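Student: Using this note's numbering, you'd call the opening residue of the sequence shown number -17 and step up by one each time.
If you are wondering where the hints come from, they were derived from the structure by calculation, not from laboratory data.
Remember, it's a predicted structure, so these values are computed and weren't measured experimentally.
Be a bit skeptical, because a hint or two may be false.
Straight-line C-alpha distance at most 25 Å; calculated DMTMM-like pairs for lysine to aspartate or glutamate [to be verified]:
(1) 107 with 197
(2) 107 with 7
(3) 171 with 38
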Amino acid sequence: MILRAARLVRNGQLDALELHTIGAEPDPEVTAIVPARNEAETIAFVVEECRRYAGEVIVVEGGSTDGTAEVAEAAGARVVRDQGTGKGAALRLAVGHVRTPICVFIDADGSHDPIDIPMLVAPIKAGTADHVTGSRLLGGSDELHGGGDEFLRLAGSAFITYMVNRRFGARLSDSQNGFRAIRSEVFRKLDLRARHTTIEMEMIMATLAAGFRLEEVPTHERPRAAGFSKISLSKPGTWFSYAWTLLAGLCRRRAKPGAERGDR
-17 MILRAARLVR
-7 NGQLDALELH
3 TIGAEPDPEV
13 TAIVPARNEA
23 ETIAFVVEEC
33 RRYAGEVIVV
43 EGGSTDGTAE
53 VAEAAGARVV
63 RDQGTGKGAA
73 LRLAVGHVRT
83 PICVFIDADG
93 SHDPIDIPML
103 VAPIKAGTAD
113 HVTGSRLLGG
123 SDELHGGGDE
133 FLRLAGSAFI
143 TYMVNRRFGA
153 RLSDSQNGFR
163 AIRSEVFRKL
173 DLRARHTTIE
183 MEMIMATLAA
193 GFRLEEVPTH
203 ERPRAAGFSK
213 ISLSKPGTWF
223 SYAWTLLAGL
233 CRRRAKPGAE
243 RGDR
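Taking the hints into account, I'd like the entire structure generated from these sequences.
Tutor: Encoded structure:
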């Protein structure tokens, strides 16, 4: 039994943490993957929380100048360094180092709550899913409201989710949340190519197109604890990247029913 943690976040800082868990212990079948660049203020907190639920934590450090890698190592993470070419490239690199059957992807800014890791992993361990995404619409978000950028993010996410549902006959509420779990073997089979945060939608569309089983569970998004988002909605390149990845994903040919399941 795991009881939800009570956390106090004030003025953008993690001021206090009260964990109330019963029977919670690291799952040796799970690796938490944390892509990070210039997140020294939050990375230790995230790593320490993840270690409560995952057998190993891998931090993919992308050219930080604030000592993120050193802080992560001191907190108990295995650090893998990349060239800082984007989140998608970082996740693919990290999965190449994974030795467990399940991966959990979680952000380094403290917005994702690691106490939800067992809930994300449960359908995979029960044999009912290959890929489980967290939904901020079902679990609540302290980030997706309050200003123009937040409105654009929410509207864009809703549009992408609608298109994905229409194309693949899914019933998702949130296709853009980076907090998710997936079987390591499945991730390696998906032929993912997105270099940036667009890997989130690409991963979902590739999963559905290949005939793997996708489920969604409620997860809560906390306010970013420090720093700033790496996604810039003011850059035309951001919009082009999302549009191109969405179009390419919608054009993926769907596998025949049961084609991939027969390989497992």
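Student: None of the hints should be skipped; say for each whether it holds.
Tutor: Against the structure, the hints:
no.: 1; hint: 107 with 197; verdict: holds, 13 Å
no.: 2; hint: 107 with 7; verdict: holds, 16 Å
no.: 3; hint: 171 with 38; verdict: holds, 22 Å
The structure meets every hint from the earlier list without exception.
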